[in-house]
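Enquirer: What follows is each chain in one-letter form.
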Amino acid sequence: MVTTSLYIAGRGFLYKFDPRAKLFTLLALTLLLFLGSNHASLWLLNLAVFLLALYSTNFKQSLQPLKTIIFLVIIMILFVPLTYRDGTVVIKIGNFTVATKEALFNLNLLVARFLGITYMATLFIWTTKMVDIQLALRWYGLSYSGTLIVTLAFRFIPSVADSFQMIQDAHLLRSASDSTSSKRRIVDVVPTVTAALVVALKSIPYMAMSLEHRGFGRDNKRGSYRYLDPQFGLWLHFLIAVVVIGVAYFAFNIF
Amino acid sequence: MIEISELSFAFKDYQEGNYKPIFENLNLKVAKGQKLLILGVPDSGKSTLARIISALIPRHVEGEISGSIKVNSLDILKIEAWELTDKLTLVTQNPQEQLLMTSLVDEIAFPLESLGFNQKEIEKRVVSSLKRWNLEEMGEVNPQETSGGERKRLLLATTEAIDADVWIMDEPFDDLDYKYKNLLAKRIKESDKTVVVFASRYIGEYKGVFDSFGLIKDKHIVVDQKDEILKLYEQESERSFVTTDVKLQKLHSKTLRVKDLKIVHQRFSVKADNPFTLNAKDFYVESGEVVALVGPNGSGKSTFSRVLCGLDPYLDGSISIDGKVATSKELNRNVAYLFQNPDFGIFLPTVEDELSWSMRHDKQKAKKVANEVASLFHLDLKDNPTMMSYGSRKHLQAAVYYILERPFVIIDELDSGVTYAAAYEIISLLRLRGAAIVIITHDQEFAKSLATRQYVIENKEVIEKGEYGDN
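Chains D and P supply the protein sequences, listed in that same order.
For the record, in the first sequence the residue sitting at position 48 is 48 according to this note's numbering, with numbers rising by one throughout.
In short: position in the second sequence from 1, add 1000, done, that's this note's numbering.
Rather than coming from a laboratory, the hints here were simulated on the basis of the structure.
A couple of the hints might just be wrong.
Stated by the list, open to error - Chain P stretches covered by chain D per the calculated footprint, using a threshold of three residues with CB under 8 Å from any CB of chain D:
hint : stretch
1    : 1075-1087
2    : 1107-1113
3    : 1122-1136
4    : 1337-1345
The C-beta atom is built at its ideal place from N, Cα and C for all residues, glycine as well.
Just chain P, with the same shape it has in the complex:
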């Protein structure tokens, strides 16, 4: 079904002007109906390989490629991507990259129209796939107005509507809540498709889903028994970062408290009869503690976070810091928000510029602090952030807020696309100065291992669900 022989690929490195090898003589065979999980630390080439198999690289990304890749006997290096539409479907890690249309229905219908299906058939497939992924009531909503998890479900619904024989999925479980993680696991397990899932960590939901396991290591893929692969993966992920000995210092003591908060949020593409609402009766977080905020896709975790840091208004209630009601400007100054996409938070030509930016009025101090923080977060001051790996950009994003010393930090889906080890390290570093951390995650294991308390968003309410236990 998929046969890769002696694949070598090198990216054009625009900084150095040469080619940087990603794979060297890589071999892989995936039989019809096989369910293969390929693990790899961030930046090991998972997304690149997924796109090469889908005939999108090197067509759209400059690089040197050699070897052979066959999908259903089709030579991938000689065909165009559109020839694969009915044979292979790719789900990318960042769903935003694949969205084309202005409603969920049209997004799913687009590839079916390309394949020449008649209206009746398209409608049948659109309706059934929307229903399967519980999106039927959002059919006319603009995908830009949906949450990350809803977008991921849209891509999965599109995959099922196309019904190709091969599914290539890059971190498909990221962004999905517990319910949909399990649904995806069930769909993969029960389908007769050939499925290749790329992931940067092993999560509980994978249990019993895959029949074969691989690991991207040293520009190759190693395929072996599950236990062997997991052991190798542990070694790789530990190797991918340098651990930092963190001693927690509680330098200041502050409390952020929310009382009787009511948030109303409007979607423009559908009628305003039933706007999105969220209530938080009592929410608080104190210096030095880590609190988890969990909830289903689209429940309003990001909306709540934006209100907490003063970016969006609220309708009723109050947000206070140390008992004093805070204005939006005060919230801006006290509550940091690390967006899921690090690119939104970094915008200067070099790491040094980024780290010095908040101290740009005192150049001497800026240089000294930038040097110290770069070393702490394993960053190279001369690097260009846009050319850095995803994991390094996440580190840089965190380093920026470390310098700013915000007493409260909200981290949105930090565990997405990075190893657990790297995520733990970033949180530990941010706690060094006693910051209170709110982590937004769908990964219960990750939340349990870090947080002391958890809040859950259920039925449009933010509710405290008690303590996880001593950490």
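One chain only, chain D, in its complex shape:
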């Protein structure tokens, strides 16, 4: 069974990196990705993040974020050049300008940023347990209810994805003897998605019931089973975060 688990057990420094410092690094690097326009630095950062994903998990797993967004990347490649009509023509079919130098420049920038953000956010979620994300968000001042909503949403998504997978499997077994055309197969996606939505919607009241039954809403002070306990102290982790961000900052040369 394909289980869409958010946290992926793996190896390496990222698993030991304190989630508060990791979250700070993620946000700072995301900002740099938006501000930076140095193409070589953008792709270098992407390569570093990909290698980190590869080291932390495995080759198949490290390609997963790319697989998820590949359709959107193709759409970008097809349509972004058409939105930049002025500038030096690079590709031309007859009288029609397919791509200009400026268009390719912007396309490269967009794709690199999109890939970078996707990989960094995915890597953060893969290497950080949901309870640790919750504790980090609380450390940054978010209320318990707020952090619970965020983490439950992240838990709910894979649970719905699991149901979708089961429904898709059931659908596959029912339609296996059909000599279906591609068009038919696309049409048949609709009932599968509908069934997944029905299962997802049905699960919402159950989740609410379970939360209340498990004491969410009580006015006593809440206990905490988990604590963040970074190796060698939190300050060291933040120092590492600052160094990583600093190196990236100079690499982007955004002054």
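Got chain D sorted already, so can you dock chain P onto it with the hints?
Expert: Only chain P this time, still in chain D's reference frame:
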């Protein structure tokens, strides 16, 4: 301890637009320390009553309620569910509905954190309850990656960790294997808690556990001596379906055979050093026969089934049909798999749509066949599957595969949540066309009464355990 007086409850029926009564002037008293088993045929209102006592209905499900319910003198109709966390614990029939967190440890810790316990106390309770239910090595595993039985054990471990005075349990023995059924029976019997267990059938493990017995009948609860209740229950469960005179026809003869199969299955939330593996040296099933596949919780029964019907890959070995190695597509076409949860297999607005779907290119034939099959499986063509009862959804799921005429059918925990009578009927109907049936069950009595042979999963191996005897 629990006192219900003149309870009436009616669900909002969204199809009809009116309210459908489930209970009318129901009365029940459960004394401190009492162990009460309440039987009821599927859809008699067991889960609804369990949730009403737990203050979750009608808060989360629209309905009209009147009467009074008191737990430890607390008026359930006037309090919020979270006020009961340390006083009453509910175990639902489908454990998936109660899971909130991303590891077993955090699932158990969540209610303890809500109750404000300190870390030391939470750790003590988490460790001891995990150990009791033999889950200590799975503490960091995501519950989504566990089997149905393991999830049920997680809920039972959570119940023990909270240590409330009242345990309300809806089909708690479902999904558990023999070992854990006995453990649960022992825990209920030996505890000083007030325990109410709702069940849709009487199984051998209940013997000597309960001191009082009830039956939900005609929107009331009848409490009486065990023998009287069992007699009444027999009458009720026979009444809940119409028997079908089944004549077994062996229309075709096919054999599904597995040779030297090796399956490797990875859990993502824990390290890959020790992945789940399963081997099957020689497994076969032939047209017309019923074979049982049994094994402890988490042993890989569902994983094996998914591989048999071509949904998941295998590492080594072969699966063949009539001596020819089958591709995953051929397995998809020949081996049906009735998931434990019928909702995964049905997805259209009406029963007629569901039954006609596989013949959607020939509307005339579809209508004729849908009519015949609906009558055979006691279904109403106009019904909306999502609004139908659990038992009816199970019938619909089976009816869909009956139409598809798959030569091999795997049925996962059919006996869970339906009466024996209904389960026998579904299997009999599926055998009408000579299908070979593999039933996955934890209920040895049920397996014995149907299957001619059994396979057991032991120490990561699927092994044939011989014949049950003539059936």
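Enquirer: Does each hint hold? Answer for all of them.
Expert: Hint-by-hint comparison with the structure:
no.	hint	result
1	1075-1087	holds (count 7)
2	1107-1113	holds (count 5)
3	1122-1136	holds (count 3)
4	1337-1345	holds (count 6)
Of the numbered hints given earlier, the model fails none.
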